[in-house]
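Enquirer: What follows is each chain in one-letter form.
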Amino acid sequence: MTETALLALAVERLEVRAGARRIVKQVSFTARPGEVTAVIGPNGAGKTSLLEAIAGLRTTESGTVSVGGQACASFRDRARSFAYLPDRSELAAEASVATLVAHALRYATADIEVAELRRWFAIEALLDRGAGVLSRGEQQRVLLFSALVLGRPIVLLDEPFSAFDPLQLRDVHRAVRSIAAGGATVVASIHQLTEAEKVADRVLLLAEGEAIAFGTIAELKAEAGNGELPLEEVFVALLARRARVA
Amino acid sequence: MSRELAIALRARVTWLVAAIAALLIGHGFVLAIDLYSASSRSALASVLQTREMDPLAGIVRPTLGGASLALSLLGPVIAARTLAIEKERKSYGALCLAVGSSTRVVLYKALAGAIACALVLAAPIVLFVAFAAFGGHVDPFETAVAVSGEGLHLLLIAALATAAAAWTRTFAQAVTLGILASLTSWAIDAAEGFAALAWLGKASEWSIEQRLLPFQRGIVSIGSVLWLACSSALALAAAMTGASFESMARKLRLTVPLLGIGLLALVLTGNVRRGYDWSEQRRASLPPAAVEGLREIEGPIIIDVFLDRDDSRRHQLESDALAKLLLARPDVAIRTPLDDAGDVVEAQRGSDYGRILVHVGGSVQQTRSTSRRELVTLIFEAAGKKLPEWAQSPYPGFPIVVGGMRRRLLGLLAYGGLPLTFVVIGLVLTRSRRTR
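As they're listed, the protein sequences go chains A and B.
The numbering of the first sequence is this note's numbering, which starts it at 1 and goes up by one.
The numbering of the second sequence is this note's numbering, which starts it at 1 and goes up by one.
By construction, these hints were calculated from the structure, which means they are not laboratory data.
Predicted, not measured: the structure shown is a model, and the values here were computed from it.
All residues carry an ideal CB built from backbone N, CA and C; glycine is no exception.
Facing chain A, a subset of chain B residues (Cβ under 7 Å, in silico):
no. : residue
1   : SER2
2   : ARG3
3   : ILE7
4   : ARG10
5   : ALA11
6   : ALA98
For lysine-lysine, the following DSBU-like pairs were computed, each having C-alpha atoms within a straight-line distance of at most 30 Å:
no. : chain 1 : residue 1 : chain 2 : residue 2
7   : A       : LYS25     : B       : LYS87
8   : A       : LYS198    : A       : LYS221
9   : B       : LYS90     : A       : LYS25
10  : A       : LYS25     : B       : LYS251
11  : B       : LYS90     : B       : LYS251
12  : A       : LYS25     : A       : LYS198
13  : B       : LYS87     : B       : LYS251
14  : A       : LYS198    : B       : LYS90
15  : A       : LYS25     : A       : LYS221
Residues of chain B clear of chain A, computed beta-carbon distances all greater than 12 Å:
no. : residue
16  : VAL30
17  : SER40
18  : SER46
19  : TRP167
20  : ALA237
21  : LEU263
22  : ALA323
23  : TYR353
24  : TRP390
25  : SER393
Bound-form chain A, shown alone (with noise of 0.2 Å):
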């Protein structure tokens, strides 16, 4: 990782709507580099449009987005600083896998540890193949190498494990939560609670695009009034805290 790489992301306050609609609203968290940060949330939470937001491939109603106390102005800015895997994203399915693995490679600093990426995501079996053959895990398998070999000091996951087998997922989650160990800040969207249990250090509850709860996992099952609660009674239990008090 970079130096710059120890960097780590505020959100503040931020909204956005789609046409009348408040999709996300004034939404703020603070993920910390060394961590994973999971988004998680029933489904039309709000979380693509949260990652999307901070990307900048979304335009913000209000609310600023910080690296490391900058806030990102620019595309450009937000370029610099993240990566980004949108969720159910397709390969160019015209490149051979080895023509897109070298495009990946060509935006990539110089210091990121390529090989042991290369190793979890067994990229090498990969590479004389043309990308539009691959089944949908083996093409998440080279989403997810061409997103985290940039080594952007801030990385943004949208449902990152959602085309894996058990087994590949061991070393998908060994490889995430390898990059947040030299010093990326990586925010995920999981859909999946028991993945996001597995990875993640802090958690970010969503829910009708409001942040209703956020902490580390520790900290949520104290916030749900029980810590041996599994993450998925601590969501049930804090959505249905959220809806009796609406």
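Got chain A sorted already, so can you dock chain B onto it with the hints?
Expert: Just chain B now, with coordinates in the frame of chain A:
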């Protein structure tokens, strides 16, 4: 760039379009060959008729007409895809973040689209080489000028299609918008012969086809080069704005002044009349002595043409006498009062209709002839000078009857060889997408 080139050149649709375009262009070429052969057969009996046998007009222009049609209708399919497919695959945002800017991504996409579109121009070039190999005459310089005009057209189509992809969400929307943009120019041209579109006649300055006409005569028109380059730059700038991640309101705020400046630049460049005659034996120009003499005439030359836009005499005057006159004197002012007068003048037409007035200094001369010699003579008379020697080495003409085996082989190349070559290359390049 290799990633973008792979998306453009390893797509099945690119090669399918190239094959269809080759078929279309090949058909135009074969029709042109047959017509040229038939004309040559009768022309061979007379030297004067032989001089009329011009391969640029008879073979090159109709073949490139097919290429122009293919570029307008099919070019957007290839060019828009490079950016549009990225949006459909939801990979565009991540790509821009990885590369560092959406502007650079759009530039790469437009360039890759233009390179893929250039496949359309491969077919006419191969056909011209084949025609020359079978004994036909193709002057390399004037043909290169004609092809380079289509090259500029190609760049404009690629930029327009990229802009269409930048402002839309899907490939289908981008292609539809791209084709509509290129067809607008055709609608302007159609205004000439279609009463319902007559109101578009005044927009002929904005027609791409009109800008390509000088190239098809072997003339490097600086105005046309600048106009096409400016249009491409304007479309590219619109693409960059449209593909950015700004809000729609900000995009529009950026685009509106950009369009204003661009349109102004188009008006200014469109009025540049300087041109260079690269046709064989400079046959697109007036005789050299007349050109020298015209350049020595001091003061402005103004020509008033009282002919309707749809009058065939005016077409003849513009494409021959005035085009040649402007090559010699780009500063000649040509006024067409009837274009601006509206319907009121219809009733007032009488004996004045058809006049051509030549003003040089304070002197005015009048004619009803559209002959270039008559017009130039009047200019010299109005300037009080003697018409220089009207001598120009005659264009010999190049009649050729392509028949028998040569005709069959050219037909085979046009209808089979070229389209099939594109299909086979496409199958080979996209093989890795069919086998796991």
